[in-house]
Every structure is written in C-alpha cells, then in structure tokens.
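Protein chains in written order, with numbering that gives the first Met the number 0: chain A, 0 to 275; chain B, 0 to 291; chain C, 0 to 273.
Since the hints were made in silico from the structure, they are not lab data. Hints should not be assumed to be uniformly reliable.
Okay, derived cross-link-like pairs now, DSS-like style, lysine-lysine, Cα gap no bigger than 30 Å in a straight line [unchecked claim]:
no., chain 1, residue 1, chain 2, residue 2
1, B, 116, B, 11
2, C, 5, A, 190
3, C, 5, B, 122
4, B, 63, C, 117
5, A, 263, A, 246
6, C, 5, B, 11
7, C, 135, B, 116
8, C, 135, B, 68
For each label pair, taking beta carbons as the anchor points, the in silico distance ranges come out as [stated by the list, open to error]:
no., chain 1, residue 1, chain 2, residue 2, range
9, B, 19, C, 174, 39 to 47 Å
10, B, 254, A, 6, 51 to 59 Å
11, B, 268, C, 48, 46 to 54 Å
12, B, 68, C, 48, 40 to 48 Å
13, C, 111, A, 18, 44 to 52 Å
14, A, 18, C, 8, 46 to 54 Å
Glycine is no exception: its CB is placed at the ideal position from the N, C-alpha and C atoms.
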Amino acid sequence: MAAGFKTADLLEYYRRFLKENCRPDGRVLLEFRPTTLNIGSISTADGSALVKVGNTTIICGIKAELATPTVEAPGKGYIVPNVDLPPLCSSRFRPGPPGEPAQACSQFIADLIESSEIIQTDDLCVERGKLCWVLYCDLMCLDYDGNLRDACVIALLAALKNTQLPEAVISTETHLPVVDLEKRHGLKVCKHPVASSFCIFDESTLIVDPTDEEENLSTARITVVTEEGDRLCAVHKPGGMSLSGQKLQECINRATVRQKEIQKLTDKVLSSVKTS
Amino acid sequence: MMAAVEVSEAEKVYILHGIRDDLRVDGRGCEDYRHMEIETDVVSNTDGSAKVTLGHTVVLVGIKTEIGKPRPMVPNEGYLEFFVDCSANATPEFEGRGGEELGTELSNTLYRVFNNKHSIDLKRLCISPGEHCWVLYVDVLLLQCDGNLYDAMSIAIKAALFNTKIPKVFISSDDEGGKDIELSDDPYDCMRLNVENVPCIVTLCKVGHRHIVDATLQEKACSVASLIMSVTHKGTVTCTRKVGGGSLDPESIFEMTEAGKRVGKALHAPLMKLLEQEESLGKKQQKVGFFG
Amino acid sequence: MPTDTKRVRGPDVSQSPSLFVCQPADGVSPQGPRADGRRRDQVDVRPVFVRCGLVSQAKGSAYIEAGNTKLMCCVYGPRETERKDETDMKCGRLTTDMRFAPFSCPERGSWIQGSQEKDFSTMLQESLQPAVCLHKYPRSQIEVNMMVLENSGSVLAHAITCASLALADAGIEMYDLVLGCSLRQNGASYVADPTSAEENDRGPDQSRNQGSLTVAFLPSLNQISGLQSDGEMSEDTLTAGVRTCIEGCYKLYPLVQQVLSRCVSRAACAPPPR
Chain A
0 MAAGFKTADL
10 LEYYRRFLKE
20 NCRPDGRVLL
30 EFRPTTLNIG
40 SISTADGSAL
50 VKVGNTTIIC
60 GIKAELATPT
70 VEAPGKGYIV
80 PNVDLPPLCS
90 SRFRPGPPGE
100 PAQACSQFIA
110 DLIESSEIIQ
120 TDDLCVERGK
130 LCWVLYCDLM
140 CLDYDGNLRD
150 ACVIALLAAL
160 KNTQLPEAVI
170 STETHLPVVD
180 LEKRHGLKVC
190 KHPVASSFCI
200 FDESTLIVDP
210 TDEEENLSTA
220 RITVVTEEGD
230 RLCAVHKPGG
240 MSLSGQKLQE
250 CINRATVRQK
260 EIQKLTDKVL
270 SSVKTS
Chain B
0 MMAAVEVSEA
10 EKVYILHGIR
20 DDLRVDGRGC
30 EDYRHMEIET
40 DVVSNTDGSA
50 KVTLGHTVVL
60 VGIKTEIGKP
70 RPMVPNEGYL
80 EFFVDCSANA
90 TPEFEGRGGE
100 ELGTELSNTL
110 YRVFNNKHSI
120 DLKRLCISPG
130 EHCWVLYVDV
140 LLLQCDGNLY
150 DAMSIAIKAA
160 LFNTKIPKVF
170 ISSDDEGGKD
180 IELSDDPYDC
190 MRLNVENVPC
200 IVTLCKVGHR
210 HIVDATLQEK
220 ACSVASLIMS
230 VTHKGTVTCT
240 RKVGGGSLDP
250 ESIFEMTEAG
260 KRVGKALHAP
270 LMKLLEQEES
280 LGKKQQKVGF
290 FG
Chain C
0 MPTDTKRVRG
10 PDVSQSPSLF
20 VCQPADGVSP
30 QGPRADGRRR
40 DQVDVRPVFV
50 RCGLVSQAKG
60 SAYIEAGNTK
70 LMCCVYGPRE
80 TERKDETDMK
90 CGRLTTDMRF
100 APFSCPERGS
110 WIQGSQEKDF
120 STMLQESLQP
130 AVCLHKYPRS
140 QIEVNMMVLE
150 NSGSVLAHAI
160 TCASLALADA
170 GIEMYDLVLG
180 CSLRQNGASY
190 VADPTSAEEN
200 DRGPDQSRNQ
210 GSLTVAFLPS
220 LNQISGLQSD
230 GEMSEDTLTA
240 GVRTCIEGCY
250 KLYPLVQQVL
260 SRCVSRAACA
270 PPPR
C-alpha cells in the first residue's frame with residue numbers, strides 16, 4: 000500500500016512524513032546518515048580516503064607530481080581537485096566529459112581550497128621559481144545517493160591529512176630534481192573545513208543531508224561550510240526558494256556541531272591508521 | 000562488429016558440411032590460404048609501403064618515419080603508432096561510428112602484436128636516449144574487405160616494414176653543449192629494419208567441429224568464435240586473442256593453437272623470399288599498377 | 000592536446016616523481032619465493048575478498064579485492080538500446096566500459112579514456128558475452144561499468160570475475176559464471192595471478208618464453224570465453240599456461256559461488272527494496 004502511494008505521488012508521500020518530523024528512511028529532520036571513513040587504503044596513491052555517507056560513496060586519491068611554478072607565483076605549488084561522476088555511480092550519468100553537477104562540485108571544492116587555505120601552497124614549493132609539487136586530488140563517486148558535496152569535502156580532507164610527499168631537492172651538480180621515495184613527510188593541513196548541506200521542502204521545512212530523492216523534490220538547497228572554532232567558512236546557495244535569517248542561523252548551528260563530529264571522526268581514523 | 004554478410008540456414012548447412020569433409024566452397028582445404036599477391040614500394044611519398052591482396056581482401060600499408068621524443072618509461076627505445084582506416088569504400092558498414100570503432104579495435108590489437116621488443120629491435124630506433132627517437136607511423140588502409148583482415152594486415156605490415164628506409168642521422172654537439180641532429184646528405188644512405196622476427200597473424204575460425212584459416216565472409220558468418228594468433232618464423236607465439244561472441248572448449252583451443260603455429264610458421268619463409276626477390280629487382284621491376 | 004575546459008586544470012606539464020629517483024628500484028628476483036610469500040610454478044593465487052550488491056543505485060554490483068588489486072563493477076539495465084542502427088534487434092547488446100581511476104596506477108592516469116582502457120573494455124566484453132543469454136533481452140542493452148580503484152596486477156582477470164558476479168547480482172540470465180585467471184611466464188618458470196611488479200618484470204633472460212596470459216573460463220560448461228596473451232611463448236608453454244589458468248579459475252569457483260548464494264539468500268529474506 001505504502002509502496003503504491005509512494006509511486007503515485009512521491010511529494011505527498013514525503014510531506015506526510017515531514018509533517019511528523021521524520022523522514023522515510025527513519026531519520027529526524029536534522030539528522031545525518033551514518034558516516035564511515037576509511038583512510039589510506041589505496042597504496043598506489045600518495046594519500047587516499049573512502050567516505051560513505053549513507054549510500055553515497057566517494058573515494059579520493061591524491062597523486063603528487065613535479066612541475067615548474069607559474070611566473071606570477073614562483074613560490075607556490077598547485078592543488079588540482081576534480082570530481083568525477085562516472086556512469087558506474089548512477090544510471091543518470093553517461094560516459095564522456097563531466098556534466099554540470101560534476102563541474103559545479105569540482106569548482107566548489109577548488110574555491111574552498113583556494114579561499115579557506117586548507118594548505119599553504121608555499122609548503123608545496125621545492126625551489127622557488129624552479130620546482131614545486133602539484134597535488135592532483137581526484138574525487139570519484141562510486142554510489143550516488145545525494146549530498147555529493149559533504150562527502151567530497153570529508154574525503155578530500157581525510158586524504159590530504161593522509162598524504163605523504165616524497166623528499167625532493169634540486170641537485171646542485173646536474174640541476175635536475177632528485178627524489179627519494181623512501182623518505183616521506185606529511186602535509187601541513189592548517190584548517191579542517193566541513194560542509195553540511197540542507198534542503199528546503201515547501202518553503203519551510205529544513206532537512207539536512209538529503210538523499211538523491213530528497214534533493215530532486217526539494218525547492219532549494221544550501222551548503223554551509225564551517226571550520227574549527229565555530230568559524231563560518233563558506234555558504235553556497237544557488238538560487239531556489241528564499242530563506243529567512245532565522246533558518247540560516249539554524250543551518251549554521253547544525254553545521255558547527257557537524258564540523259566537530261567529522262573532525263573527531265577523521266582524527267580518530269587517522270590515528271588508528273598510524274598505529275596499525 | 001566486423002563487416003558481415005547474411006547467410007541463410009541452407010547456405011550455412013552447405014558450408015558446414017563442406018568444412019566437415021575438408022572441402023570448402025571455393026575448393027580449398029581447411030588450412031589453405033586464398034591466392035595472395037604482395038607488392039612493395041607502392042606509395043612513393045611514404046618511407047615504406049606494401050599492398051596485399053588476399054582473395055578479395057585488399058589492404059594497403061604506408062609507413063612514415065618521424066623524429067619524436069621517447070616515452071618517459073623507456074627512454075632508450077623508439078616506438079610504432081598504428082592507425083587503421085576502415086574506409087566506407089571497403090564495405091558500406093564501415094560508414095560512421097561502426098568503422099571508427101572497428102578501426103580503434105584493430106589498431107589496438109596491431110599495437111599489441113608489433114610494438115614490442117620481440118618483433119622489432121626498438122632500441123635501434125633510438126637516436127639519443129631520452130631526447131630523440133624514430134617514431135614509425137603505420138597507416139593501414141582497408142580497400143576491400145572479404146574476411147581475414149588481420150592476416151592480410153599483418154603480412155602487409157611486415158612487407159612494409161621490410162621496405163621501410165629510415166634516413167641516417169648524426170648527432171653533433173655545438174660549442175655550448177647543445178645537441179643538433181643532422182640528416183645524411185645521401186638519400187640512399189639509410190637504415191633498414193630487421194624484420195626477421197616480425198610475426199604474422201593467423202586467424203583461426205571455429206566452424207562446426209573444425210577450424211579453418213583465412214575464412215571468407217560467408218564462412219565467418221557460420222563461426223561463433225575465432226582465435227587470433229601472431230606467430231614468428233621460429234614458430235613462437237607472441238600474441239593470442241579470442242574474438243567473437245562465442246566460447247570455445249579447451250581442447251579445441253589447444254588444437255587451434257597447434258594448427259596456428261604450424262600455419263603461421265610456414266608463412267614466413269616464402270614471404271621473406273618473395274620480398275628479397277622483389278627488392279633485388281629494384282627499380283627495374285614492372286609495376287602492375289595500383290589496382291593491377 | 001585538446002584543452003579540457005570542463006575540469007579544473009593544473010599546470011600544462013607535470014612529471015611523476017618516480018622519474019627522478021636517484022637509485023632504480025630493485026627488480027623482482029626471478030628465483031626463490033615471491034615478494035608476497037607465494038610459491039612459483041604453483042597455482043598459488045591471491046586470496047580474494049568479494050562482495051555483491053554494494054551500490055544502491057545499480058541493478059547489480061560487485062567488488063573484488065585480490066592483494067592490492069581493487070575493482071568495482073556496476074551493472075545497469077536491461078534498458079532500451081541506444082543504438083537504433085543495429086540491424087539485428089532479436090538479440091540484446093552487452094556494453095562494457097572499463098576505466099582506471101587516475102590514482103590507480105603508479106603513474107597518474109588521465110581522466111580521458113585511453114586506448115589501453117578501450118582495449119580492456121573490448122576484451123571484457125568478448126569474455127562476458129558468451130555467458131549472457133542475450134536472446135532473452137531483445138531490443139535492449141545491458142551496461143557493465145568497471146572501475147579499477149587500484150591496479151596491483153591481473154586486473155583483466157579479476158575484472159572478468161567481478162563483472163560476471165555483478166551481472167548475476169543484477170539478475171541477468173546467464174548460462175554460467177565467468178571466472179578469470181592470469182599468469183606470467185618467465186623462462187621456464189611461471190607465476191600465477193601476478194602482481195604488477197611481477198607483470199612488468201623483464202627478467203634477466205630476455206629472449207625466450209616470456210609473456211602474460213589471461214583466460215576467462217565458464218566452469219560448469221568447461222568453455223573458454225576469453226583468451227589473451229602477450230610476449231613470446233612457445234606453443235607448448237601457451238597450452239600449459241591455459242591449463243594452469245583453468246586450474247586457477249577452479250580454485251576461485253567455490254568462493255565465488257558461496258558469495259553469490261549468500262547474496263541471493265539475503266535478497267530473498269530481506270523485504271523487497273524500495
């Protein structure tokens with residue numbers, strides 16, 4: 000019966016649940032799905048992490064390569080994040096160049112890295128004007144069930160904290176780079192931003208961590224990124240239904256709690272990886 | 000995928016029964032090739048070329064040599080690049096995407112077969128390690144298609160490689176330690192490739208309970224799966240691959256590899272003899288014309 | 000080189016640090032035990048970890064892990080065929096798309112599908128097709144999407160096993176499972192299920208009997224659905240190699256059966272999905 004109702008009028012089906020302050024998957028409105036983290040499982044990458052937020056699964060692999068710094072910024076390295084939604088993760092995506100959702104998410108991550116200075120790009124410089132590191136952060140979705148951004152940010156931060164760069168210098172004799180793959184050192188990750196995405200239903204109901212179905216039904220989306228110390232880092236709201244200041248404050252409050260939870264989870268998993 | 004013809008049930012039975020009795024529609028036995036013609040040096044603006052006619056299948060191969068940069072992982076070797084053009088001339092089915100896909104598939108397989116140290120001494124193609132090497136661009140043009148493309152292509156490639164003349168180059172260093180590449184002044188002063196080890200491909204089609212070589216399109220339509228093998232003059236197998244939508248039982252695979260080795264090994268001696276004969280005729284030989 | 004405007008771009012040129020390593024890494028020793036303790040000249044395959052039905056969005060999915068090799072496969076369909084130009088509509092179409100994640104290999108790969116990936120996709124398709132009852136799915140296509148998360152050797156072989164499990168998990172009618180096994184021949188000795196270090200090992204003896212072989216096998220029908228070899232091998236070595244690979248497939252069979260039956264019984268007990 001319920002299944003038939005759901006097929007016939009999905010939105011009404013959801014409304015009935017939301018009226019009772021819960022969601023079809025059993026969560027309350029401001030509850031995240033169970034989040035699990037697996038760090039450093041890809042040995043071919045210099046740093047890696049796999050995140051599951053409910054069904055949504057993101058794997059992030061970081062590969063470091065050497066390049067010449069730009070003329071404008073001779074003392075800085077590069078960080079190149081890319082999000083891919085391969086046809087594997089949902090029947091919605093086709094093979095070929097990244098579509099609009101993947102491009103938007105890549106840009107969101109790139110802006111976040113740039114503006115919040117997760118890593119000082121000066122740290123990636125080997126020799127000024129001559130040699131620097133490029134961190135290719137490739138994020139790939141393996142199962143797409145909504146809330147791509149939150150999962151991507153968790154995966155990226157965990158993978159960055161896991162990254163071990165080989166030691167590199169420029170030889171004084173040959174003027175060529177010399178790399179020692181055995182001697183490695185970690186990256187200095189200065190900040191720990193965490194994203195929390197919300198959906199607005201019918202102008203008033205606010206839910207967190209939407210599934211794919213909820214994202215499609217909602218009238219507006221908002222992503223709030225906060226850092227440690229309850230500082231607000233970024234707010235992303237691409238149009239849609241407008242939002243009252245009070246609701247926005249509600250989002251920020253929920254996001255700061257989430258930030259603490261995720262940072263704690265990341266550090267816990269990282270330390271268990273190091274000790275084992 | 001590959002160009003196909005429609006064969007009626009009655010035709011199929013006729014072909015199958017014939018093959019069972021070792022007598023094919025055109026009178027051949029199961030391990031016989033069709034009449035083959037090989038001509039080298041057919042395209043004047045390439046560095047090496049050959050045309051092979053096998054029954055009604057016609058393949059033209061042109062090789063261009065260029066100086067390129069060695070691949071970072073193998074700095075002391077040159078390499079080969081393959082491009083197969085399935086022109087819609089050969090069969091209307093090559094039109095559009097179908098031909099393109101088949102072309103990539105064929106070029107990938109050719110790359111696997113020919114671009115390795117077992118086939119050609121890739122180190123000889125290196126000019127200065129890490130900086131310059133010869134790249135051989137092998138362009139294959141399918142002019143007419145009547146089955147057994149792989150075999151015809153491999154023979155044409157071997158003949159074209161035999162025919163290829165790579166200009167001699169010298170490396171001179173200037174005062175500042177920079178390197179310069181100089182081409183030999185004498186156009187006849189060139190390097191030839193040793194093609195002795197270059198393999199030939201034998202395609203074996205399983206038809207009924209037997210297998211045949213050099214299948215025509217009709218015969219291919221009766222077969223569920225084929226085995227592609229590249230075999231050197233010593234009879235060693237350098238590459239194998241099962242193609243087609245069916246499966247084969249292990250025993251027939253073993254029978255087919257045995258036959259493929261035998262047939263493939265036997266191809267090389269007459270081919271080399273023919274190529275050397277044609278070479279010795281030099282410019283005196285009578286060209287029979289492009290479509291002669 | 001076409002510029003990619005749809006991705007975040009890095010510098011025009013960047014090089015892998017492994018090109019600048021001062022001393023070359025030690026080669027794999029051709030004698031003695033293998034680096035991971037397995038035995039040579041034995042059908043000593045890596046233990047595999049297999050799971051079905053992990054991806055919520057796919058019709059069927061499977062994950063396989065053998066040593067460090069990690070692969071994920073999703074099956075979508077049957078759905079209406081995209082290509083209307085195919086003349087034969089009585090049969091369904093099986094499409095395969097195999098990709099390497101950019102971080103899956105020692106050298107970073109590109110996002111754009113290379114010729115090696117296309118080649119692997121074709122071989123995967125040819126190995127799977129004989130096992131799928133495509134005549135039951137007229138006018139439709141079944142899509143197999145394979146992602147290599149980490150390449151530590153024998154990718155194609157494990158991809159074949161993984162894809163056939165995902166097809167079975169999707170409830171696609173099949174004649175049999177398809178299992179894959181690889182082998183690396185090095186002179187007189189061989190290693191089964193090679194790691195990537197063993198695959199790339201050129202060995203001291205450059206001339207004779209060096210090659211790789213991958214076999215796809217239908218265990219209950221005793222049929223070979225895929226065969227692919229490289230290198231230079233005598234015909235006897237090749238034949239022996241095929242036999243060894245078949246043996247390797249049989250070693251895998253009980254585990255794969257077990258995983259599949261557990262997956263099916265779980266699906267039967269659980270309430271129907273949403």
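Here is how each hint holds up against the structure:
{"no.": "1", "hint": "B:116 x B:11", "result": "42 Å, violated"}
{"no.": "2", "hint": "C:5 x A:190", "result": "28 Å, holds"}
{"no.": "3", "hint": "C:5 x B:122", "result": "39 Å, violated"}
{"no.": "4", "hint": "B:63 x C:117", "result": "25 Å, holds"}
{"no.": "5", "hint": "A:263 x A:246", "result": "26 Å, holds"}
{"no.": "6", "hint": "C:5 x B:11", "result": "51 Å, violated"}
{"no.": "7", "hint": "C:135 x B:116", "result": "46 Å, violated"}
{"no.": "8", "hint": "C:135 x B:68", "result": "51 Å, violated"}
{"no.": "9", "hint": "B:19 x C:174: 39 to 47 Å", "result": "25 Å, violated"}
{"no.": "10", "hint": "B:254 x A:6: 51 to 59 Å", "result": "56 Å, holds"}
{"no.": "11", "hint": "B:268 x C:48: 46 to 54 Å", "result": "52 Å, holds"}
{"no.": "12", "hint": "B:68 x C:48: 40 to 48 Å", "result": "42 Å, holds"}
{"no.": "13", "hint": "C:111 x A:18: 44 to 52 Å", "result": "48 Å, holds"}
{"no.": "14", "hint": "A:18 x C:8: 46 to 54 Å", "result": "48 Å, holds"}
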